[in-house]
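Number of protein chains: 2
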Amino acid sequence: MTNHHRKTIAAIGSGLLGAMLCYRAPAADAGVAHPAAPAVDPAVLARIREAAMNSDWAFRHLTDLADGIGARLSGSPQLVSAVIQVAELMRSLGAQVALQPVKVPHWVRGEEQAELVNFPGGPAGATQRLQLTALGGSSATPAKGLTARVIVVNDFDELKARSQEVRGNIVLFESRFDQQLADNGYASQAYQQAGMYRFNGPSAAAALGAAAALVRSIGGANFRLPHTGLTRWKDGQAPIPAAALATEDADLITRLAASGPVTMKLILTPQTLPDADSNNVIADWPGRERPAEYVVVSGHLDSWDLATGATDDGVGVIGAAAVIEVMRQLNLHPRRTIRFVGWTNEENGGRGNQAYFDSVSKTIDTQAAAIESDDGAGRSLGVGAAVTNDSLTMLQPVLRALAPIGATVLSHHDDELGSDIAPLQEAGVPGFAPLVDSRHYFDYHHTAADTLDKVDPLSFKTQVATMAVLAYYLAELPEPLPRFKISP
Amino acid sequence: MTNHHRKTIAAIGSGLLGAMLCYRAPAADAGVAHPAAPAVDPAVLARIREAAMNSDWAFRHLTDLADGIGARLSGSPQLVSAVIQVAELMRSLGAQVALQPVKVPHWVRGEEQAELVNFPGGPAGATQRLQLTALGGSSATPAKGLTARVIVVNDFDELKARSQEVRGNIVLFESRFDQQLADNGYASQAYQQAGMYRFNGPSAAAALGAAAALVRSIGGANFRLPHTGLTRWKDGQAPIPAAALATEDADLITRLAASGPVTMKLILTPQTLPDADSNNVIADWPGRERPAEYVVVSGHLDSWDLATGATDDGVGVIGAAAVIEVMRQLNLHPRRTIRFVGWTNEENGGRGNQAYFDSVSKTIDTQAAAIESDDGAGRSLGVGAAVTNDSLTMLQPVLRALAPIGATVLSHHDDELGSDIAPLQEAGVPGFAPLVDSRHYFDYHHTAADTLDKVDPLSFKTQVATMAVLAYYLAELPEPLPRFKISP
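From first to last, the protein sequence lines are chains X and G. Read left to right, the first sequence gives residues 1 to 488 (my numbering). Read left to right, the second sequence gives residues 1 to 488 (my numbering).
Treat the hints as calculated values from the structure; they're not laboratory data. One should not assume that every hint holds.
[What the hints assert, rightly or not] Straight-line distance between alpha carbons at most 30 Å, and here's what the computed DSS-like set of lysine-lysine pairs gives: (1) G:Lys-144 to X:Lys-144; (2) G:Lys-144 to X:Lys-265; (3) G:Lys-144 to G:Lys-234; (4) G:Lys-234 to G:Lys-485; (5) G:Lys-265 to X:Lys-144; (6) X:Lys-265 to X:Lys-160.
As the structure is a prediction and not an experimental result, all values here were calculated from the model.
Bound-form chain X, shown alone (with noise of 0.2 Å):
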């Protein structure tokens, strides 16, 4: 999953970069013979760059928790398997280890089937097949599916308005993914326009009687897979059957609707169980001069139960795991702690990111600064900053020392860098994501197709490589970032 939307973008022209050599604003008085040293050496950088370029740990890693571990949607045995694969090979590394007990939901898909038994045009007795997924949280329909009309909205404004024609039928949110605005570099704000439907559509046909929810799959592709994804529910607020319906299928519905009547039969069958144990898997890699300060590199350890998770967020996590394995291969330890944080339970709850801010917030002091990957495998475009914008000229060196794998780009934010961080963020830790080229991560996304097949191993290297370089520079800063804080 991923939030964050860019406020500005500060792109770093390489004929610029021969003036941003330094990070630190030019002494006042001119005529200085040697330019101020670096706090950290650019030859360390570049060091570390090559290093991630050279390696293909991180695919390999990748490789068995995708392909050997499979979906691991909380609460599943797979989840507890990642839990413990991860674990081992962070130890293997020589890191710290710890696991941090954490509760998490535990909601399992069962049956989904849904057919048009009813529309214009159809012969007696024809019935449509249509292709669906539940939405996390959704409750189930009777074990023999529910029958009844669709009414077809745009938007919440046409759900208010329509809101007499609700009561026992199914809403059907037409939400649009803007795939051009995607195409532009756009993606998470594609994403958030039609995923505050599939967050908070349910809930609000649920609020007007309605007997079941469906939102358009969010998502740029057209091959007729629908793409999961959680819901939420007021405090207190029964859940109601809520699905995504293939854009196709929702396509359809809708010419159909604009003829007559058109009624579906619903088959959904999760189920919300106890909640079950999970861990989020800290590894530290001890720093030399400042141990106990941390920057936290991080992606989370679950996935959607309908593929393998290999970009979301296998990716992230391997990826941020890599790190501390380029640490070990060069032997560096820079001043602060890099401390590895696979999340849990990011995908359907966030507990994994809470119980961390929980263990962290009296000392919050000690968190530096704190990275997450989690927007898909598409090639490093340069960085994602939520920082004070006197941070921006200091973190030039990263922007250099990445320019020859053409991640040269420094993106500013005042939002959330990734769900898991946060809280961090909102409690003023500097915040940073791999900025990735994520044109096509929501074709994707919370479907069955994603897929190891679906990560580049030479993009996956620019991740890595961009996100060892912040997080070794960011450890080794004199002093740290200024604090930064974004709203909640």
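Fit chain G to the supplied structure of chain X, relying on the hints for placement.
Frame of chain X; chain G shown alone:
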């Protein structure tokens, strides 16, 4: 389905058109004051082209078929409805409609589930769900499934080399679709290359005692979408369970099998029921001079069961119907009869084309030409023709009439231009098809994603224009084109 492949291409660059004004060979003596008058009025061909390009009749009726009826596999009530709908449509145009009775196979898909239950690296008890779909003609597993080792082979040679391992196991043919070939305009060849494993692989595996056979899905997209299609058994051979596996899952098993044994549990419960009643829809638009000579223009009524068959072959059968609509609109009756045929049972039997051929085989000379459209919904690039070499010149006025819409290529074939007209072609009837952009046809072909949104209305119009100009021209020529026999 599409089977034909081109052997040579005669590209008509616009610069050549001036030299090709006359479709007849120039007179032996030079110095003719007036070139011979064209046998078919180019102004009429232009009017036909424009009428097709300015009409949304075809797209509207394609919508009725795809949305209003949906999937229409042989034996289904939906195919019965499609016969009725299309026959009524042709009557409404004033054509003379006959329903030709055809007994068709009646195979129905059942449950389809598969999972890996044992694989290298997998934690104890871990399973991985796979995406597959039964092939037409597959038999059923036991209701509770069969569990067996997967033997991955790349081709028939490897199957032979490993024949001792096959008995009681599941053979997976890892036969790859060559998208690069498709991207270069050779989609049919790419389909044939991979398709021979779908057609013949399960039979070959059954002959060696395999418990079941899987083929890597034939297609160029990577959205975990299995492609169904027919598989063939030898006379008297007992079918085994056979399915197409999503390419991602074929990749996964191939990777895992390189490290150790992979065991799959497979449930497929299709049934083969007694043959069902169906019809070819035959609708004649009578010729003004030679009504007992026919130019067949055709597509198939049936589709696979996973989607609404908008491209396979909604565009073909409705596009062919639209040829008659253009004639009606312009009040044109060429010399010969234009005969619309909506074939039944193209996908899994070919009984429709056999019934038609049987009905005309004794009067085969009445069949002046046969056009079939079954290559998807792409833009028309011109005309594919299985004709004598000398006939190519005769066809230039058609290309000239189509040049304004970019349909400029005359592709010369010596094999079938469509499986339904193949028997006619084998008996000497010149065969034709619109030459369409099929680079991405096999992304969707035989999948759940063959839906109306895959049809670009403008591209569809270019196909109708191509068929209408070609059909009128062939029906209007003073003498029919020479016979041209393809090999069976």
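Do the hints match the structure? See the list:
no., hint, result
1, G:Lys-144 to X:Lys-144, "21 Å, holds"
2, G:Lys-144 to X:Lys-265, "26 Å, holds"
3, G:Lys-144 to G:Lys-234, "27 Å, holds"
4, G:Lys-234 to G:Lys-485, "27 Å, holds"
5, G:Lys-265 to X:Lys-144, "26 Å, holds"
6, X:Lys-265 to X:Lys-160, "24 Å, holds"
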